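My request is simple: use the sequences and hints to build the entire structure.
Protein chains in written order, with the numbering used here: chain R, 1 to 86; chain L, 1 to 602.
The set of hints was computed from the structure by calculation and includes no laboratory data.
Because the structure is a prediction, the values reported are computed rather than measured.
Please note: incorrect hints may appear among the correct ones.
Within a straight-line C-alpha distance of at most 30 Å, the following computed DSS-like cross-link-like pairs (lysine-lysine) qualify [to be verified]:
1) R/LYS73 x L/LYS518
2) L/LYS455 x L/LYS582
3) L/LYS234 x L/LYS263
4) L/LYS518 x R/LYS10
5) R/LYS6 x R/LYS73
6) R/LYS10 x L/LYS586
7) L/LYS518 x L/LYS455
8) L/LYS518 x L/LYS582
9) L/LYS39 x L/LYS364
10) L/LYS586 x L/LYS460
11) L/LYS582 x R/LYS10
12) R/LYS6 x L/LYS582
13) L/LYS281 x L/LYS364
14) L/LYS586 x L/LYS455
15) L/LYS586 x R/LYS6
16) L/LYS39 x L/LYS274
17) R/LYS73 x L/LYS586
18) R/LYS6 x L/LYS281
19) L/LYS234 x L/LYS364
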Amino acid sequence: MSNAEKHWEKTRALLFVTLAIWFVFSIGIFLFGAEMNEVTGPFGYPWTYWFTCQGSLGIFVILIFWFANRQEKIDEEFGFNERGDD
Amino acid sequence: MIKGKFIDNLPKVYGIYTGGFIGFIILMAIGEQMGMTAKAIGIAFVAFTIFIYALIGYLSRTAQADAYYVAGRQVPTVFNGMATAADWMSGASFVAMAGGIYFKGYGYMALLVGWTGGYILVATLLAPYLRKFGCYTVPDFIGTRYGGNLARLLAVIVLTVASFTYVTAQINATGTIASVALDIDFKYAVYVGLVSILLCSMLGGMRAVTWTQVAQYIVLIIAYLLPIFWISNKMGAGFFPHFMLADEVARIGELEQQFGFVKNSAADLATVPKGLAGITKAHSAVNATPWAFISLALAMMMGTASLPHVMMRYFTTPSVKAARKSVGWSLFFIFLLYSSAPMLATLSKLSLIDPSLSTGIIGKSFAEVQSIDWFQNWNQANLMFISDFNGNGTLELNEFFMGGKAVVLATPEIAGLPYVISGLVAAGGMAAAMSTADGLILAIANAISHDVYYKMIDPKAETAKRLLVARALLVIIGFAGATIAALEIQGILGSVIWAFDFAMSGLFFPLVLGVWWKRANRQGAIAGMALGLASSIWYLVWVRTGGSGFLGITQLTFGIFGAAVSFVSMVVVSLMTQEPDKATQKMVDEVRIPSGRTVTGK
Chain R
1 MSNAEKHWEK TRALLFVTLA IWFVFSIGIF LFGAEMNEVT GPFGYPWTYW FTCQGSLGIF
61 VILIFWFANR QEKIDEEFGF NERGDD
Chain L
1 MIKGKFIDNL PKVYGIYTGG FIGFIILMAI GEQMGMTAKA IGIAFVAFTI FIYALIGYLS
61 RTAQADAYYV AGRQVPTVFN GMATAADWMS GASFVAMAGG IYFKGYGYMA LLVGWTGGYI
121 LVATLLAPYL RKFGCYTVPD FIGTRYGGNL ARLLAVIVLT VASFTYVTAQ INATGTIASV
181 ALDIDFKYAV YVGLVSILLC SMLGGMRAVT WTQVAQYIVL IIAYLLPIFW ISNKMGAGFF
241 PHFMLADEVA RIGELEQQFG FVKNSAADLA TVPKGLAGIT KAHSAVNATP WAFISLALAM
301 MMGTASLPHV MMRYFTTPSV KAARKSVGWS LFFIFLLYSS APMLATLSKL SLIDPSLSTG
361 IIGKSFAEVQ SIDWFQNWNQ ANLMFISDFN GNGTLELNEF FMGGKAVVLA TPEIAGLPYV
421 ISGLVAAGGM AAAMSTADGL ILAIANAISH DVYYKMIDPK AETAKRLLVA RALLVIIGFA
481 GATIAALEIQ GILGSVIWAF DFAMSGLFFP LVLGVWWKRA NRQGAIAGMA LGLASSIWYL
541 VWVRTGGSGF LGITQLTFGI FGAAVSFVSM VVVSLMTQEP DKATQKMVDE VRIPSGRTVT
601 GK
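This is the structure in structure tokens:
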């Protein structure tokens, strides 16, 4: 397998992990919205309410930065990193 | 004071700008104490901020194609994040979203999840790859990846349908604010809004829009957060509302139980002016089925990853790596406003309905409510209405109606804040709607000037001529948008949601599969775009004309149907026809590697 193919395989694996986390917090937990809202969560808000207005949103922000760092590591590993920017 | 290149001095420039803006707010507050009228403050806020944006637009004028289309590809990560946040947060986010949550509660909070979660798709599936591709516009990617004018043209059509639907809503929002703040008729106010929008983008294209959007973000975030913190503190709800409103949310639930949601008769509702609504759904209780919530969130997420005016912001970063990080910063800046919207809805609702607060109006007599200043103002603007349906002389929850736009704009007044805050909020709403309208009009004009005019009609055109065409289109599209906005066909939130549905129906899979599926070919992409868009339009018309719909897909989520049709037809047609040639496959390989020159060689 060529260098580029290996790079793409790792990139794709990272994509699947990222999208799995995304799926859980954008769709998965809301399947149980009514049940989850019965329980008190962070800062005293009901869990579903908190996830909808703060939790999921915050997790998305962190997830993108985590993803970007991981992808940069993968790019470096295969020598595809860019120089001289940011 | 400032030496060297503008790009190197950005933090300083915008630091001074922010300080100046805060100084202006203080100046207005002093003016109010000294007897400046509410109307004068409103005009000063809106006029001063528009003047600043126009000045930035003028200073960023350019005659170079690279600067006009992609801001020279040198916008730093964090600033591109701010610009994207302003580009993204429109009149719908600023003016209408808290209103949607105010009226419909939990069901509409799906928009919060949908309009943020979509950025994961942007960051992972598209933005870095489109940046590596090095195109000027989104149809440019489709046209080069799949080849042929038909694919390019279809992409331009989908882009135009989605962005145009979106932009009419933004011009509507600028018109509403201009008509309230400047006290002129809505029909003329939309053109005032339009002229201010064009002032920012005409001379400098993407470069001008980028630097005005950063300035607009700063205004809109201050204007959104300041009143929330102020009201929360004034009410004694907590000094940091985001972490301290649990009791208030619970209190609204109690009051809802106490008042009950009385259903008004159709005859009574017929007397309520068009566009106004009452509170009919629980604030924090889960009142939607999981699918209703999830389908709306899903449609908005896929729509996010298909909207060209957002995607093209990531063409302006210096590198692929920067494009990825920039998506993170964009979402961070968006998060600041979105996590505050439900707090604003909570505070606003409680100020109005809690009889134990001095601002509460439910339970008061009609004569008393009618004598309140702010009620008279907003009633006159046709954005508030009360009617004694049961004839008992006191105002009930089901007898109070408000326009969706009024929730954000009127809350400072309702909560008894000084008028300077209302002026600030008007300026913020104007900034939000203008920045998005600029991005959208530019996306359409660039696609038509670059992809249709330059790539199809006159490939030999000189830069000066291309940019002239681009600017002429900007004006034409703007005026067409304003004319349609003046007709007020659909509310702000409704039109924006439609735009997401159109975009995802036609563009999501052709874009994503263009990067992630090498086998995708021209025939497949053409089928995907054409059938996706056509089926979504058909579904919308069908549901709007009394059709029942299926699978619970409504007129807000019809994009899910369109995208499904687009996906199936794209895959089936691609597999039935020949695989793309070697050159195209090599191009896809190159897109997947971040380092090196862009695919288009620029």
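Status of each hint after checking the structure:
1. R/LYS73 x L/LYS518: OK: R/LYS73 and L/LYS518 at ~25 Å, within 30 Å.
2. L/LYS455 x L/LYS582: 23 Å, holds
3. L/LYS234 x L/LYS263: 33 Å, violated
4. L/LYS518 x R/LYS10: At roughly 17 Å apart (the allowed maximum being 30 Å), R/LYS10 and L/LYS518 satisfy the hint.
5. R/LYS6 x R/LYS73: Judged against 30 Å, a Cα distance of about 14 Å means the pair holds.
6. R/LYS10 x L/LYS586: Holds, at roughly 19 Å.
7. L/LYS518 x L/LYS455: 24 Å, holds
8. L/LYS518 x L/LYS582: Given that 30 Å is the threshold and the Cα spacing comes to 10 Å, the pair holds.
9. L/LYS39 x L/LYS364: OK: L/LYS39 and L/LYS364 at ~28 Å, within 30 Å.
10. L/LYS586 x L/LYS460: It holds: about 27 Å lies between the C-alpha atoms, which stays within 30 Å.
11. L/LYS582 x R/LYS10: OK: L/LYS582 and R/LYS10 at ~24 Å, within 30 Å.
12. R/LYS6 x L/LYS582: With Cα atoms ~20 Å apart, R/LYS6 and L/LYS582 stay inside 30 Å; holds.
13. L/LYS281 x L/LYS364: Between L/LYS281 and L/LYS364 the Cα gap is close to 22 Å, so the pair holds against 30 Å.
14. L/LYS586 x L/LYS455: 22 Å, holds
15. L/LYS586 x R/LYS6: Holds. L/LYS586 to R/LYS6 sits at ~16 Å (cutoff 30 Å).
16. L/LYS39 x L/LYS274: 26 Å, holds
17. R/LYS73 x L/LYS586: With a Cα-Cα distance of about 24 Å, the restraint between R/LYS73 and L/LYS586 holds, given a limit of 30 Å.
18. R/LYS6 x L/LYS281: Not satisfied, since the Cα-Cα distance of roughly 52 Å exceeds 30 Å.
19. L/LYS234 x L/LYS364: 22 Å, holds
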